[in-house]
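Asks: Which chain is which? The protein sequence lines are A and B, in order.
Counting in numbering that gives the first Met the number 0, the first sequence runs from 0 upward without gaps.
Counting in numbering that gives the first Met the number 0, the second sequence runs from 0 upward without gaps.
FYI, nobody ran anything at the bench for these hints, they're computed from the structure.
One thing to keep in mind: the hints can contain errors.
Unchecked claim - Ranges between beta-carbon positions, derived for each pair: (1) A/Lys527 - B/Lys584: 43 to 49 Å; (2) B/Ala545 - A/Asp174: 43 to 49 Å; (3) A/Asp174 - B/His238: 44 to 50 Å; (4) B/His238 - A/Gln188: 43 to 49 Å; (5) A/Gln188 - B/Ala209: 39 to 45 Å; (6) B/Asp563 - A/Asn66: 40 to 46 Å; (7) B/Asp563 - A/Leu129: 31 to 37 Å; (8) B/Asn2 - A/Ser290: 32 to 38 Å; (9) B/His11 - A/Ile176: 46 to 52 Å; (10) A/Leu192 - B/Glu284: 44 to 50 Å.
As the list claims (entries may be wrong) - Here are some chain B residues pointing at chain A (derived, C-beta under 10 Å): (11) Ser44; (12) Tyr452; (13) Arg521; (14) Ser546.
Claimed, not checked - Derived contacts from chain B toward chain A, CB cut-off under 10 Å, selection only: (15) Lys193; (16) Arg250; (17) Glu345.
Built from N, CA and C at the ideal position, the CB exists for glycine as well.
Listed here are the chains, written in short residue letters.
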Amino acid sequence: MDEFDSLTEAVFLVMPRAEAVVNRIKRKGKRGSLLTGGDHFKFDGFQQLTDVNEPWEATEIRHALFNKEWSLISSRIENVMLSMNTMVLSAIYDFVEKAYTQKMTRTVMPIQELPTGLIFAGINIPDHDLLFQQLAQILAAPTSPMIDTELSLDIPMETTQKNVNNKVVILQSKDCINLKAALKSMIQQFLGLNMDGAINSLESGLKLQNHDMFVLEQWYRSLCTPQEEKVANQQRQPTLVVIIQDFESFDQDTLQDLVTICSNYQDRIPFVFLMGLATSIDALHQGLPKSVLSLMQTRKFQMQQSSECLTAIIEDLFMHGNVSVMIGPLPMKQLIDQFMHYNFSVSGFVANLKYIVMHHFYANPLSILCDRALSSQSRALELLEVGHYDHIRMLPSFQRYVESKVEVDPQEGEMLLLDNEFLKLQIPDMVRDLQEYHRNFALVFEFLWFLQARFTIAILKKSKRALYFMALEGTLTDSTSISFLLNLVRKMNSNEMMIFIEDCLQFFKKSSRCRPKASVEEGNIMDKELLILQNIRDRMVELLGDISDDSVTSSSDVEDGDQEMKEGDDTEQNEEATQMKDSDRWALANGGTSKRVLNRQETAGAPIFIKKRKLVSVKANVAEGRQTRIAKKTRETVRIPKGALGTYTVLVTEVVDLFERLFKTYLSHHSIMPLHEVFYYSQIKIQQKAFLPQPRVSIQTALGQPELYLNCKCCQVPSNTAAFISPAEMVLSTQHDTCILYKLYVECGRMINMYDWFTAFGMILERGTQSDNQQDRSMSNGDESNTLAHKRSKKRGKVSMAAKSKSLKEQNLDQKEVQARFISGVAELQFMGFIKPTNRKTDHVQRLTWGNI
Amino acid sequence: MANPLHREKLHHSFPGRAKQIDQILSFMGKPTAPTPPALFINGNSSLGKTSVVKAILSTVLGDTSPSHYAFLDCIECHTPRLIFEHAIYQFRHPPSVRWRYPADLHSQQQADQIMDGYAHAQHTAEADQSGSGSSRSSSNEDGSSPSQDPQMSDGSGRKDIDTGTTLVKNGEGRRKRKWIQDEIITSGPPTWDKCENINEFVEWCRRICADGNDGQGHASIHAKGSAYSEEQRQRKGQHDTRYLVLDRAERLRDNAPTLIPVLMRLQELTGRNICVIFITSIVWEKFRSKNGGYEPIIMNFPQYSKGETIAILERDLPEGQDKELYMRFVDLVYNVFQRNCKDLNEIRHLVALLFPLYIKPIKEGKIQKHEGLKLHRHIQAYFVEAMDKLYLREISSTEWVDRTLLTSSGSFKSKHGGTLGESLIARSSSEAAKDERALMNAVDIQNTFDLPYFTKFILIASFLASYNPPRLDLRYFAKVSNQGGKMSKRSKVAAAKKHGHEQLGTKLRQQLLGPKTFPIERMLAIFYSILDEEVEENVNVHTQIASLVSLRLLQRVTPMDKLDSIKCKCNVSYDTIKAIAKSIKFDIDRYLYDFA
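Looking at chain B on its own, in the form it has when it is part of the complex (with noise of 0.2 Å):
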C-alpha cells in the first residue's frame, strides 16, 4: 500500500516512530498482499506501540475498509470467548453499524441504516478504485480510532452521499447499492455470534474472509455466499488482509496459554490472508511455549531520545502559550526528570501540571520572561516536590492542581527554602474558614487510622510473634515470679547473646527476612501475656483477628476452609507498628528481637 499520503500523515503524528511506522507499512503491502502470519510488537510502555498500530489501521483500513481489522484488548477479554467473538463482531461489523439495537428499528434508524448503506456502497467503491480514495482520509484527520466513534463515522457516511450519488452513475455502483439496500432490509440490525472454541473460531475466520465484505451480511452466510458471483465476491475484497490486533498480549499467557501458538499460525490454518498482531510490553521469549510453533517476525519499538521526547512533548504545547517559553521549561523537566522517569506519559504528566506553576509569577508580573535563571529558582521546590508525592500519585493531579494553583501568593513567596508542604498547612491554617478545603487538608495530613484497644494489642502481639523467635518465647513473655515482673532489659540481653547471637548485625535478622508466620495461639498467648490488665477470652477477641484479616494487616497463611491450626502473618512494617504502640504507651522495642 504505502500511500504515500498516509504515510507523511502518520510521519506527522509520531515523532521518533518513522521507522517502525514504514516497517509495517510495509510488511501490510497492498490491501491484498500475502502478510507474515504474526507480527509481534514489544517495547516499554507508553512507547506509543498500541497508538501507532491503531492509527496505521484505521488510517490505511479506516475508510476503506474498516472492518477489516479487530483491535482487542486482553485485558478486557479475559477469556478466549470473549476474545473470539469480540473480533469476530469488529469483524464483522464495520463501526458505523456496530451500535444498532435490536430491538427499536424505527423508521428513523432504519432511514440511518439506508444512509449507512450508501456509505457502504461508497466504501467498497473506493476500494475498487484504490488510490482515489485516498484524498478522502482528511475527513479522520486526527486517526483517533473511527472505530468507537459511530456518531463520526455517521457523519462522514451522510457527507458522503453527495459523492455517493455522483458515482451512481457508474453502473457498477449502482448495482452494489442495489444489493446493500436488499441486504439490509433482510438482514437488519447486528447480531452477536456466539464462538466457543479455536475451532469455530477458525471456521469463522474463513467464512469472514470468504465473505469478503465489510459485515453487512450477517445472519445467513452460506445463502449469500452462494448469492452472488466469484468474481464480484473478488471485487469485495476476500483477498484482503484482515488484522487482528491483540493489546496487552502478556495477557493471553495467563488467560489462554494454548491460544498462542493457534493464533501465531492463523494464516495456515485458516488458510486466508489474515494477520495477528501482538502487543506487548515483554519479549519474545517469554511467549515460547515448549512444543515450539510459528516464530513471529519481531519488532521492537526502541526508547525515544531526547529529542524525540521534546518532540513529542511540543505538541503539547498549551493554546496561548509562548512556545519559546515552553520549550525552555520543558527542557528543563525532561532534565530533572529524565534520570527517574523513563515513562513518556509521566513526564506529560508532570509537564502538563507544572507548566502552569512555572508561568504563574510570569502572569502576576513578578518575573519576566527572560529570566530563566529566576524561573528556575522559583520552579525548584516545587519539583522536588513533585518528585516526591506526584510522581508517585500519593497527591493526584486534582488535588495538585488544588494545592497549588490556590497557593496563595504570599506563603508562596516566603517558602524558597521550606517545602511546599510547610506553607500549605500554614495556607491551610489561614484559610480555615473554608472548611472544604480545610477537611481535604485534614485527609493529606492523616495518614494513620485508629484502631480498638485492644486490637491494636493484638496486632502487636502479631508483629512480635511474626518477628521473634519461637524458642526466646519464654525468656520474653514469661511473667517470672521472683521480680514480680517481667524480665529485665539486660538479662534478656544476655538471654538473647547466650544463643550465639549478636545483638544486631545477624545476616539472618527476622527483620531484614521479613514477616514469619505464626500459628494464632502462640499469638494469643503474647497478646494475653503483653497486656496489663487481665482479659477474659472471649469473642470479640476472636472477631478482631478475622477483622485484622479482613484489613490486610493480618495475612491468613493456611487456607479459608482449615479451621484449626490458623496460621497468620503480620503484614504491618515497623514504623507503623512503632506509632500503633507508641499510641497505647507501650514499649515494643523492649520485646523485640534482634531489631534495630
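Only chain A is shown next, with the shape it has when bound in the complex (with noise of 0.2 Å):
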C-alpha cells in the first residue's frame, strides 16, 4: 500500500489489474467468452451482472442498446431545442444583418445609435452557453438559419445569397472584470479569427498592449482594404458582432465604459451588441445611466420559455413514444419537480435523463429486451439466461398476465410459467404489443389536446405536461377533465357538432396511424375507430338534411306559435354567433387548424349541407340547438319531428360513447401491458442521491454513525447495552477521532469549552485502552451515559480529576498523542463548518449547527 502514502495526493484511482479481472474471467471461461482483462473499460464500466450469470454478449447488447438509446434521445432533444429557437433566432440574424444596411433607408437620426440586441434567455444562466454557442455559430456562419427551414417568412432572397460577413465574438463576465480585462478579451478574440490578410497589431512587432483598440481598428482597416481589391465591391464589409453573455454578472462599469468606447468607434468599426438578459428589461436600466442607454439603439428578442422546452422535449419524447426506454410516473414527478421547483434548467433535466437511461440498462439484465426492434431473430432472445426467465416471471405485469391467460386457457398459462422456449417465442409479441399501445395512447393523446383545445372554457383546462402525468399515473382515464369534456360534446349545438366531426375526422385521417393502407396488412384498430366515427357522420349528415328541409316548413309554425320562445331564440341566435365568432378567431389565431376550416368548406358533402342550412333558415339551427339542450334539461318540448330528435340525440350519445371508449381503452394506465417494467423507468431513489444531493445530512451520518460508511467490525454495537440507546449516540473508543468529538459536540451548548471537550475526548479513549488491557472485564462502561457522568462530575471537581486521569493516562495513553488527536478532530470539525472560536469568551468555541436532520 506504499504507493497510496501520500502528503499531497488525497483521492487515488485505482485501475482493476489485469490479472484480477483475467481471473474473474476464469472463473466464467465456462461459457466461453473470449473477453480479456483491457475490456474492462470498454463497456464505459457496463459489467456483468451475476445474478442472472449473464453473458458477456448480453452485457455488450446492453450497452450498445444504451448508447444507441442515448444518442436518439439526445438528437431528438437538440433538434427540439432548435426548432422551439428557429424562429428567434433568425429574427436575431435578421437584425444583424440589416444593422448596418438598412440605416440609409431609416429616418436619419441625430446620434448615430450602436444597434444592441437584447436576448431574454431565461433565468438559468448556465443553460446560456450552449444557446449563445450556437448564435454565435448562427451568426458566424454565411447563411441564415431560416433557409433550410418552412418558417422563412419575408426574408428576400438577396440576403440569403448575399456573402454575409459577420466576426462574433462572446464576451463572459468571468473575463471582464475590469475594462482593461474586456477590452483585452474582445480584442484578443477578434484576432484570433485568424482571417486572410488581416493583421495582428500585436504579433508584428509593434510594442502595443492588448487592450488597445488601435490594435482592433488595425485589424478591421487591413481586414478591409484587401478584400476590396479582391472581391467585387458589392461585398458588404464585415460587421463585428459583441455577445454579452450574462449582463448580470457583468460589472456595470465596465460594461457602460465598453459601449461607451465601442460607439465612439462606431464610424470606423460597425459594432453589434448582443447582450442576453436573464431577467427582464429593468437589469438594463438599472445597470446603465441614461447617457449610455442614449448610444444604444435596442431590440428585444423573446427566447423560447424554457418550461415549454420542457415540456416540448417531454413531448416528443414521451408522449409520441418516440424512444424505447420510458420514463415511469415517479422520477418523471422527481424530474419535472426539480426542473420547476429549483433550476429551470434543461441542461440540467438532460444530464437527469441521461442518468435515468443509463442506469435502466445498467443494472437491469431485462434492459436487453427494451429494444423496439425487438423481434424473434433478436440475438437477444437467444442470450436470454434461466436468471433472466425468472426474473420475467417475478415480473408483477408477467405474473397478472399470466393470471388473466389462466382463466381463458390453462394450458398456455401454464407453458408461460413453465416452458422458457415458450416464453421466448412470447416475449416479441408483448414488445410489440406495448409498441401498438404507446402508438395508440400518443394518437388518442393528441386528440385529447385537439379536444381540450376546442372548447375556449378555460376552467379544468391542463397543460399538456399535466395530462400526461395523469395518464403515467394512471388517473387520466377516470379525471374529471374527460367527463367534463365529454359534457361539453354532448352540450354543442347540431351545426357546431356536424363541424366538430368533420374536425375530427380530418384529425384522425391526418395522423399517420390511420392511414388505410397501413390497415389492410395489420388490421389498425385506430381504423375501425375511424370507420365508426365516418359512419355515425354520414348517419347525421342525412338526417340533419332531413331536419332543416323539415323545419323550412316547421319554422314558420316555431315563430307563430310561442312568442316567448321566439325572444329567447334571438338571445340564443346571438349568443351562437358571438360562439361562432369565438371559434373563428380560435381557428385563425392557430394556423394549422385555419386550414382546416378551409378544408372543411371545401370538401364536399357536408360542407354543402351547412351552407344550405345556414340559408335555409338560422331559426332552424337555433331551435336544433336548443334542442339538445332541451332533450337534457327537459324544460319544454319544441314542434319538431320527434322522431329526428331522438335519432339525433342517439348520434349524438353514439359519438360520445365513442370517444369515451377511446379514452379508456388507449390512454389506459401502461400497467396493464404485460412486460411493461422492461421499459418503463421506475426508480427514484438513486437519481435522488445523485441530483438531490443532501450534503449536510451525509456528513451527519458519516460522523455520528461512522459504522454505516466504514463497515468495520470494531465498531459493533456492544450487545448487551440497553435497547433503548440508538446507535448513533453510542460514543464507542473505537470510532474515529472526528466522530467521538462530534458525538461530545451534539451534547453541548451554544459555547463549548475546549478544555472540557479535551478531557472529556481524552476519557474516552482511556477507557479505550482500558478495555482492551483488560478484555475479559464486562464492557459496562462503554456505554454513553457513564461517560456523560464522567464529563459533569469533572466539571465540578477539575483539579482531582484532571490529576486522577493524569496518573491513569500515564500508564497507558501518551497525553501529547490525546492532545494532538484532539487538535486535529477539532481543526476537522472547524472545517466543516460545525464551530469556529469566538472572541466572547476565549477558551471556549461557538457551536454553529443545531439539529440532527
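Two chains, each in its own frame: build the complex with the hints.
Replies: Now the structure itself:
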C-alpha cells in the first residue's frame, strides 16, 4: 500500500489489475466468453450481472442499446431545442444583417446609435452557454438559419445569397472583471479569428498593449482593404458582433465604458452588440445610466421559455413514444419537480435523463429486451439465461398477465410459467403489443389535447404536461377533465357538432396511424374507430339534412306559435353568433387549424349541407341547437319531429360513447401491459441521491454512524447495551476521533469549553485502552451515560479529576498523543463548519449547527 | 491666427457658440504664438464642447499641420500609458499615414506614401506662406475630424498634387520634397512608440516639438535632428503650438489622478509650446489636488437659449420638407419638452422621431398644412407616450419607428383619447399573422420573468428578511402550536404595537430606508417557515441562492472569499415581489411589518 502513502494526494484512482479481471473471467470462462482484462472499460464500466449469470455478449448488447438509445434521445432533444428557437434566432440574424445596411432607409438620426439586441434567455444562466454558442455559430455562418426551414417568411432571397460576413465574439463576465480585461478579451478573440490578410499588430513587432482599441482598428482596416481589391464592391464590410452573454453578472461600470468606447469607434468599425439578459429589461435600465442607454438602439428578442422547452422535449420523447425507455410516474414527477421547483435548467434535465437511461441499462438484466426493433430473430432472445426467465416471471405485470391467461387458457398459462422456450417465443409479441399501445396512446392523447383546445372554457384546462402526468399515474381515464370535456361535446348544438365531427375525422385522417393502406395488412384498430366515426358522420349528415328540410316548413310554426320562445331564440342566436366568432378567431389564431377550416368548407358533402342549412333558416339552427339542450334539461318540447330528435340524440350519444371508449381503452395505464417494467424506469432513490444531494445529512450520518460508511467490525454495538440507546448516540472509543468529538459536541450548548471537551475526549480514549487491556472484563462502562457522568463530575471538580486521569493515562496513553488527536479532530470539525472560534470567551468555541437531520 | 474665413465658417456651423469660438481662437493666436499652458472647458453634456474644439482644431490646423494636435478620449485611454502612447502616435503621424500597415509594403502602397509625401510637402509649404493655405480649407468643408478619415485626406492629398507641382518651381519647395522622399524611403511605415511613464512622455514631447514636423521622421529622431540646420527646423514649425486635447477629462481623476497636475504644467516641464485642453462636464474645483498646482484658464459653455436651440434644430431639417412647417413643429416640441429635457441631443432625437408622425396626416391628406391646431391635437398623444417611454429609452428608436409608422391609420384615428399603447395592443391582435411583429410586441408587454417555484420563495424570504426587523421573526414565523398555524393578523398587529411602533408612518420605516443586510441562515429559516410543504434541505436551495446573486436579485454584501456567515441584501422592489408572491398565491402583506 506504499503507493497510496502520499502527503499531497487525497484521492487515488485504482484501476483493476489485469490478472484480477482475467481470474474473474476464468471463473466464468466456462461459458466460453473470450474477453480479456483490458476490455473492462470497453463498456464504460458496464459489468456482467452475476445474479442472472449474464454472458458477456448480453452486457455488450445492453451497452450498445444504451448508446443507441441515448444518441437518439440527445439528438431529438437538440432538434427540439433548435426548432423551438428557430424563429428568434433567425430574427436575430436578420437584425445583425440589417443593422448597418438598412441605416440609410430609416429616419436619419442625429446621433448614430449602436445597434443592440437584447436577448431574454430565461433565468438559468448555465444553460446559456450552449445557446449563445449556437447563436454565435449561426451568426458567423454565411447563410441564414431560416433557409432550411419552412418558416422563412419575409426574408428576401438576396440577403441569403449575399455573402454575409459577421465576426462574432462572446464576452463572459468572468473574463471581464475590469475594462482592461474586457477590451483585451474582446480584441484577442477578434484577432484570434485568423482572417486572411488581416494584420495582428500585436504580433507584428509593434509595442502595443493588448487592450488597446488601436490594435482592433488596425486589424479591422486591414481586414477591409484587401477585400475591396479582390472581390466585387458589393461585398459587405464585415460586421463585428459582440455578444455579452451574462449581462447581470457583468461589472456595470466596465460595461458602460465598453459600450461608450465601441460607440465612439462606430464610425470606423461597425459594431453590433447582443446582450443576454436573464431577468427583465429593468436590469438594463438599472445597470446603465441614461447617457449610455441613449447610445444604444435596442431591440428585444425573447427566447423560448425553458418550461415550454421542457414540455416540448417530454412531448417529443415520451408522449409520442419515440424512444424505448419510458419514464415512470415517480421519476417523471421528480424530473419535472426538480425543473420547476429549483432551476429551470434544461441541461440539468438532460443530465438527469441521461443518468436514468444509463441506470436503466446498467443494472437491469432484462434491459436487453428494451429495444423497439426486438423481433423473434433478435440476438438478445438467444442470450436469455434461466435467470432472465426467472426475472421475467417475477415481474408483477407478467404475473397478472399469466393469471388472466390462466382463466382463458390454462394450458398456455402453464406453458408460460414452465416452458422457457415458449416464453421466449411470446416475448416479441408482448413487446410489439407494448409498442402498439404506445402508438395508440400517442394518437388518442393528441386527440384529447385537440378536444381540449377546441373549447375555450378556461376551467379545468390542463397543460399537456399535466395531462400526460395524469396518464402516467393512471388517473387520467377517470379524471374530471375527460368527463367534463365529454359533457361539453354533448352540449354542442347540431351545427357545431357537424363541424366538430368533420374536424375529428380530419384529425384522425391526418395522423399517420390511420392510413387506409396500412390498415389492410396490420388490421389497425384505429381505422376501425375511424370507420365508426365516419359512419356516425354520414348518418348525422343524412338526418340533419332531413331536419333542415322539415324545419323550413316548421319554422313558421315555431314563429307564430310561441312568442316567448322567439325571444329566447333571439338571444340564443346572438349567443351562437358570438360562439361562432370565438371559434373562428380561435381557428385563425392557430394557423394550422385555419387551414382545416378552409379544407372543411371545400370538401364535398357536409359543408354543402352546412351552407344550405345556413341559407334555409338560421332559426331552425337555433331551434335545433336548443333541442339538444332541452333534451337534457327537459324544459319544454319544441315542435320538431320527434323521430328526428330521437335519432339525433342517439347519434350524439354514440359519438360521446365512442370518445369515451377511445379514452378508456387507449389512455389506460401502462401497467396493464405485460413486460412494461422492461421499458418503464420507475426507480427514484438513486436519482435523488445523484441529483438532490444533501451534503449536511451525509456528513452528519458519517460522523454519527461511521460504521455505516466504514463497515468495520470493531465498531459493532456491544450486545449488552440497553435497547433504547440508538447506535447513533453511542460513543465508542474505537470510532474515529472526529466522530467521538462530534458526538460529544452534539451534547454541548452554544459555547463549548475546549478543556471540558478535551478531557471528555481523553476519557473515552482512555476507556478504550482500558478495555483493551482488560478485555475479559465486562464492557458495561462502554455506554454513553457513563461518559456523561464522567464529564459532569469533571466539571465540578476539575483539578482532582484531572490529576487522577493524568495518573491513569500515564500508564496507557501518551498525553501528547491525545492532545494531538484532539486538535486535529477539532480542526476538522471547524473546517466542516461545525464550530468557530469566538472572541467572547477565550477558551471556548462557538457551536454553529443545531438539530440533527 | 484668427483667420477670418475660419472664424466665419466656425461661427456658421455652431450657432450660439460664437463667443466661445472667438475666445478659443484668440487663445490660440498665431501658430507660433505662446499659449496658456492649460485650458479647461466645462459645461453640461451636449453643449457642443467636444465638437467645437474638434472643429476649431481641424479647421485651423487640419490643413496645415494636422499632427499638431492630439485628440484623446479618456474613457478609451483608461491608463496613463494609453494616453501617452496615443498622444505620441497622433503627434507623430498625421492622419493620412496613421493606417499604413507595417507588414505589407506593396509597391502600390509605397506609391501612395509618396503621394502622401507630396501632400505633406504641400502642407508644409503652405505653412510657410501662411494665409494662402486658407483657400484650400474648403476641401474639408464640414470640419468633421479628418483625423478619422484617412481616405478623405488621402484624396485631398492627391488632389493637391497639381498645385504641388506648381509649387515645385519654388526652389525651396523642391528641396523639401526631395527631403521628404528620402525620408519615406528610409523610415518606412508608422511605428508605435512605447511610453510608460510621465518622464518619458515629457521627453517625447520635447523631441516631438523639436522635431518640428508632421511626424515624417520616425525611427531616428536624433539622427534627423542633427541632419538639418536650425533654420530649416524653425521653418518646419518647431515653435508651433501643439495641442493635447483630453475629452471627458473627469475620468482622469479616477484613472490617473497624479497626471492632472503634471499635464497642467506640461508646457513648463517640456519648455515647449504645448497647450493642454481639458474638456469635461464637471467644474474645475473637483479636479484640484491637495498639493496645489497650476490653475488652468477656465471656460464655461453655457446652456443654449431657446433661440439658439431652435437655430440648431433648424439645421436638422429633413431634406425636402417644408421649412415653415418644420420650424413650427420644432417650436412645439421645444415648448413641450424643454421643461423635462435640457439635453439638446435628446431633443434632436425626439424631433427626428416625432416629425414623421407629425406630417403623416398631411401626407395622407387628412389635415391641411395650415391647420396647426388639428395637427397639434393629433400629435399630443404621441407626446405623452414619448415622454413616458421614448425619453427613458424603454423603447428604442427603431422600435418606436416600427411601432408608430406601421400603426394603421384606422386604429390611429380611434385613439385620440387613449394612449398609444392601447392602440398597439389592438393592432397586435389584428395583425397576429405577422408573427415577427407579434413577437416583438409580446416582448414589449412581457416585462417580467419567471422563476422556479422554490426560488420564488427564497426571494420572498430574502425580501422579508431584508425589510422585517429580526426581533419580530419569532412572532411572524414561529409556528404556534396551540393554534396549529401561524399567528393571526390581529395578534401580529398587537405585537407590533407592543413594541412602541405605530403600524405605519414612523420615519425610520425600513421601507423608506431600503433593504437591510441579513445573514443567509436567517433567510433560510424564514424560507422553511413560509413554505407550506416540507422540503428537505439540499444542495439546490444553495445553488439557487447563488444564482439569485448572479441575477442581481440578491446582493451579496460580504466579499466572495469569505465563505461563512454570508450576508445578503434583497435587491427587488416591492412591486416585483408582490407580483411574484401573487403568482404563487402567497400573501406577502401578512408577513411584512410596517409596510404600505
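Asks: For every hint, state whether the structure bears it out.
Replies: A quick look at each hint next to the structure:
1. The beta-carbon spacing between lysine 527 of chain A and lysine 584 of chain B, approximately 46 Å, falls within the hinted interval of 43 to 49 Å.
2. For the hinted restraint 43 to 49 Å between alanine 545 of chain B and aspartate 174 of chain A, the CB-CB distance of approximately 19 Å leaves it violated.
3. Distance hint check for aspartate 174 of chain A and histidine 238 of chain B: the Cβ-Cβ separation is about 48 Å, which falls inside the suggested range of 44 to 50 Å.
4. Separation of histidine 238 of chain B from glutamine 188 of chain A is about 46 Å and conforms to the stated range, judged on CB atoms against 43 to 49 Å.
5. Range check, glutamine 188 of chain A to alanine 209 of chain B: about 41 Å between beta-carbon atoms, so the 39 to 45 Å window is met.
6. A hinted range of 40 to 46 Å for the beta carbons of aspartate 563 of chain B and asparagine 66 of chain A is consistent with their spacing of about 44 Å.
7. Range check, aspartate 563 of chain B to leucine 129 of chain A: about 34 Å between beta-carbon atoms, so the 31 to 37 Å window is met.
8. Between asparagine 2 of chain B and serine 290 of chain A the beta carbon distance is about 35 Å. The supplied range of 32 to 38 Å therefore holds.
9. Taking the beta carbon of each, histidine 11 of chain B and isoleucine 176 of chain A are about 48 Å apart, inside 46 to 52 Å as hinted.
10. Look at leucine 192 of chain A against glutamate 284 of chain B: about 47 Å separates their beta carbons, and that is inside 44 to 50 Å.
11. The interface hint given for serine 44 of chain B is met, as the beta carbon of that residue sits about 7 Å from the closest beta carbon of chain A, less than 10 Å.
12. Given hint, tyrosine 452 of chain B at the interface with chain A, holds; its Cβ is 4 Å from that chain's nearest Cβ, closer than 10 Å.
13. Given hint, arginine 521 of chain B at the interface with chain A, is violated; its Cβ is 13 Å from that chain's nearest Cβ, farther than 10 Å.
14. Interface hint status for serine 546 of chain B: upheld, as the beta-carbon distance to the closest one in chain A is roughly 7 Å, under 10 Å.
15. Look at lysine 193 of chain B: its Cβ gets to within about 4 Å of chain A, closer than 10 Å, so that hint holds up.
16. Contact between arginine 250 of chain B and chain A, as hinted, is supported at the beta carbon level, the nearest pair being about 9 Å apart and thus within 10 Å.
17. A hinted interface residue such as glutamate 345 of chain B counts as satisfied when its beta carbon comes closer than 10 Å to some beta carbon of chain A; here the least separation is about 7 Å, so the hint holds.
In this structure, the earlier hints numbered 2 and 13 are contradicted, and the remaining ones agree with it.
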